[in-house]
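So the sequences go chain by chain: A and B.
Going by the numbering used here, 295 is the number at position 90 of the first sequence; the sequence numbering is gapless.
Going by the numbering used here, 162 is the number at position 153 of the second sequence; the sequence numbering is gapless.
Everything labelled a hint here was simulated from the structure, so no lab data went into it.
C-beta atoms are modelled at their ideal positions from N, C-alpha and C, and glycine is treated no differently.
Heads up, some of the hints might be wrong.
To be verified - List of simulated lysine-lysine pairs, DSS-like, C-alpha gap at most 27 Å:
| hint | chain 1 | residue 1 | chain 2 | residue 2 |
| --- | --- | --- | --- | --- |
| 1 | A | Lys545 | A | Lys584 |
| 2 | B | Lys181 | B | Lys167 |
| 3 | A | Lys659 | A | Lys575 |
| 4 | B | Lys147 | B | Lys126 |
| 5 | A | Lys575 | B | Lys181 |
| 6 | A | Lys293 | B | Lys147 |
What the hints assert, rightly or not - Negatives, chain B to chain A, calculated, CB over 10 Å:
| hint | residue |
| --- | --- |
| 7 | Leu15 |
| 8 | Asp16 |
| 9 | Glu28 |
| 10 | Pro65 |
| 11 | Leu93 |
| 12 | Ile94 |
| 13 | Val95 |
| 14 | Glu210 |
| 15 | Gly240 |
| 16 | Ala243 |
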Amino acid sequence: MGDGGTTPLLRFIACGSVDDGKSTLIGRLLHDCGEVPDDQLAALESDSRRFGTQGSAVDFALLLDGLSAEREQGITIDVAYRYFATAKRRFIVADAPGHEQYTRNMATGASTAELAVILVDATKGVLPQTRRHSAIVALMGIRHVVLAVNKMDLVDWSEAQFQKIEADYRGVAGEMAVTAIPVSALGGDNVAARSAAAPWYDGPSLVEHLEAAEIAPTSGAFRMPVQLVARPNRDFRGFQGLIVSGQVAPGEEVVVLPSGRRTRISEGRGEAGQSVTLTLADQVDCSRGDVIASAEAPPEVADQFEATIVWLAEEEMLPGRQYLLRIGADSARATLAQPKYRIDVESGEHLAARTFGLNDIGIANLSTDKPIVFEPYEKSRDLGGFILVDRTSNATVAAGMIRFALRRSANVQWQAIDVTREARSELLGQRPKLIWFTGLSGAGKSTIANLVEKRLHAMGRNTFLLDGDNLRHGLNRDLGFTDADRVENIRRAGEVAKLMTEAGLIVLAAFISPFRAERDMVRRMLPQGDFIEVHVDVPLAEAERRDPKGLYAKARAGELPNFTGIDSAYEPPEAPELRIDTAVTPAEEAAEAIVRFLLSTQG
Amino acid sequence: MALTHLDRLEGESIHIFREVAAQAERPVLLYSAGKDSSVLLHLARKAFFPAPPPFPLLHVDTGWKFAAMYALRDRAAADAGMELIVHRNPEAERLGINPLDHGSELHTRIWKTEGLKQALDLHRFDAAIGGARRDEEKSRAKERIFSFRSAHHRWDPKNQRPELWRLYNARKAPGESFRAFPLSDWTELDVWEYVAREGIEVCDLYFAAPRPTVEQGGAILMVDDERLGVGDAAVRTIRFRTLGCYPLSGAIESKAASVEDIIAELRAARTSERQGRMIDFDSGASMEAKKQEGYF
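If we strip away everything but chain A, and leave its shape as in the complex, we get (with noise of 0.2 Å):
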């Protein structure tokens, strides 16, 4: 029980399977520590005769399966929070199941630990799971470990096992500072209090130690991402967002990060940890995202990163694919490139990979379509821990960690050009777009795009017509047809196209392009309304009862596989431009039409 909330705060992950004995261990941690009332006591103990795995004694494991699907099944579905307090402390236990989704729901609630209880079996010593925990929780930034040795009454308190787990666990702690206790969570020894059981070890309790754990506070300069702008009347102008590090205090001298302008404090103080309202000496430009930290020691900014992933959806990974990336109270568009490696967690060893799937964890290459304030992770888990959010989906599907900045986009900067778009198609007469055709392979892009370039053509037009098949002969020779891939032959084509956009031509690119996500990424590549998107329609039957080129019919045949239409997906556009029916429409016409949408288009 708590101390009239004076007392500091200590957030823990408690990591082990219900066979290492977490479950009974936090529920002993509750009880001992005076959180578990009466009335929830006399539930337990008749819960406990019903479910429990004890025999007759209290099963206190059973104080913690909050869902009635988990007590059902007798497992733990996610990560729940527990909460108990001493005259000392006051404990915010994340309990993390050990088995079902570990690494996801491990990883969840290690992000806000400071330090990690890892469970052993004292039976069964340093187990391949034990190394799991480990690394993961190791990877999320904790530097304190305590082992838990836990069922030592199994081994008769043996000194001589309890040193050699103790030793086997400090070769796979890593750079972790570890502290090992023997205990046993069945009989409370050395939990709350110390155990006579023992008299070998003249360490301290489990609770001892966690209430007297130094944890290093957030070190640092002062950072506040800046969550919103307060503007009640018009002399005021509040910045409102949490202090993650350092401190703060009027006519101090602070850098607004991207944009790099400085000013100074004139109202609002804090420190980290505190949600405070800002206001700045000069009127400069600082809204939700923008960062407010020390001019003297300010974050980097950057747009290129290698980053470790934690994969956290079903669904996997979709190299060259737009992901929402959430960052302090910032979010942009970001591509991940193919992984470098995936992490095996269990033996620290590299695998090669070309996607990530549920649970995987790697590394990898990120960029945004704009620049981020940013701090490597292990200096700033506020600044440099990151989430990817499906945007179709709106689903969390990643966890990110920055290592670094990739030095290409610190020390490559863009090369300003003085011809620019503009000149160079004033100099051909015409506006630069891209006429994007859509739609089932056989629906007639190839057929009708290669008419409106003649017709262009003949017209004095500066034109290039770009093919799927054709350019799979040359650049993306290296692609094949799974849903990476795919994402991959149009994000090329979309900068091929771009780049040619930008010397002044009219391009045509004819590609099956079968997903929005992608097709969305190339317009917003270009300036708006230079991209015009045509669906070529057709029903599937008819496309398949013309088959130009014998595809449908490998495909049905199975020789085919990941064939768009038959075993792949298209999505067609929701508000194309233009949508031609191709079952109704000859090409000429469907010719005709575009062209004369174009030329609408160039004034």
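Starting from the known structure of chain A, arrange chain B on it as the hints suggest.
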């Protein structure tokens, strides 16, 4: 000087409030006049000061709250300069649903769960901020701070979005919504210690005083008005740890007449806060089932 745990909890709760304001289009603060509501409102005012909180208060009323709660509600909304929306389920009103004739389960479902869903739909609120705490009840221990609800207000406990660091993902499709819980990491004791530290006004019924009572089914009920329809009331010195509809709120016999007394009593307490809440005992996984249906 290291921050105390109340400083850290306050910093985090204010951060959550600001994220709701930044990410949601039409947030609303669920206000019930209980102590958690009082703390929630206090934090909301701090979070946006000097501007007023950028959302209204919503009270999903049942007509059976304690008279003292209605008085505090109206006063608190006026003090904060915030709009107060009171929603009473017209269907429940028409049918005359009440806890005495229809039992706690039906009363709660129609007035509170259905009433809340109606009010959210009616005003097209896409984020409802509530005062639920994870230490209150088992199924709440696994709830996210930003808790996603389907277009039908359903909670899917097995398919929650992972919530890492202080990053909250409130993206959703039209019609879907969020419940946000800024007090997730607070305990009952934290709430009282914060009430003491900040001098927050809470409902008088939390403080012990002689009050007219009757005993029913092992619980002490306060005779707040004549609708309870009981015979002679006995005067007992009681207080409440949790407040709801008065016929469903069990009092405790206590002499704790000040915030400090309450804190001292809590430190020595041997029963849990929700023990007086009869709606929790309706059936086995009661709260979990209610939450899946859309109870906050």
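Which of the numbered hints are not met once you compare them with the structure shown? 3, 7, 8 and 9
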